[in-house]
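J.: All chains should be built: construct the whole structure from the sequences, respecting the hints.
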Amino acid sequence: LAKTTQPISMDSYEGQEVNITCSHNNIATNDYITWYQQFPSQGPRFIIQGYKTKVTNEVASLFIPADRKSSTLSLPRVSLSDTAVYYCLVGDDGDSSYKLIFGSGTRLLVRP
Amino acid sequence: GAVVSQHPSRVICKSGTSVKIECRSLDFQATTMFWYRQFPKQSLMLMATSNEGSKATYEQGVEKDKFLINHASLTLSTLTVTSAHPEDSSFYICSARPTGATDTQYFGPGTRLTVL
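Residue numbers (my numbering), protein chains in the order written: chain A, 1 to 112; chain B, 113 to 228.
Everything labelled a hint here was simulated from the structure, so no lab data went into it.
All C-beta atoms, glycine included, are put in the ideal place defined by N, C-alpha and C.
Do not take every clue at face value.
[Claimed, not checked] Short, incomplete list of chain B residues facing chain A, as computed with Cβ under 10 Å:
#1 Ala114
#2 Val116
#3 His119
#4 Arg122
#5 Ile124
#6 Lys153
#7 Leu156
#8 Thr161
#9 Phe203
#10 Cys206
#11 Arg209
#12 Gln217
#13 Phe219
#14 Gly222
#15 Thr226
T.: What follows is the structure, encoded as structure tokens:
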């Protein structure tokens, strides 16, 4: 399983764009990159998933360079309710034995 | 769609007792479910993989006799913490992978266990 490295914490202000970068130097050919959000005392919530280039949904964008050794989660115009822990995971979810192993995550604090 | 529930949401028990936590996939079938534990300010730690109709697979360092897992149907997995002690107090989270799907897992809301 590829190991991921993320900043431990980030601070931002309401209305700003937040970019959280994750390093995954040992990502395998079949691995996808998935980001989850977790609020205190809740289960993680799926945000976005991608394999290469750029993926966008109604919540976020995910940028993946050609070498796929890193990825950046972009949250546009954050609000106070985006304060949470964000986890980056990589793995082959086409493999029935795939299991999600969480790293330390990035604790995002959005200030008014 | 893709909702996973857990029951109870929180439980307080005395040391030495056993506690059962249920994880249900409400609108899909899940051959595989996963159990995690999370201590305050820490990340989720995978405890075991629960497979319907077969024995669970435990991660290294997790005592299978202490954390009993039963996955008797395609929509229900249970985790029983036997002879609970204060150090077992934690946030327990399950997730479920839809049967036949290769996409992401869906997480339950978690169960807060406090052992006095």
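J.: Decide, hint by hint, whether the structure agrees.
T.: Hint by hint, here is what the structure shows:
no.	hint	result
1	Ala114	holds (9 Å)
2	Val116	holds (8 Å)
3	His119	violated (13 Å)
4	Arg122	holds (9 Å)
5	Ile124	violated (15 Å)
6	Lys153	holds (9 Å)
7	Leu156	holds (4 Å)
8	Thr161	holds (6 Å)
9	Phe203	holds (7 Å)
10	Cys206	holds (8 Å)
11	Arg209	holds (8 Å)
12	Gln217	holds (6 Å)
13	Phe219	holds (4 Å)
14	Gly222	holds (5 Å)
15	Thr226	violated (12 Å)
The structure fails hints 3, 5 and 15 (numbered hints given earlier, in ascending order).
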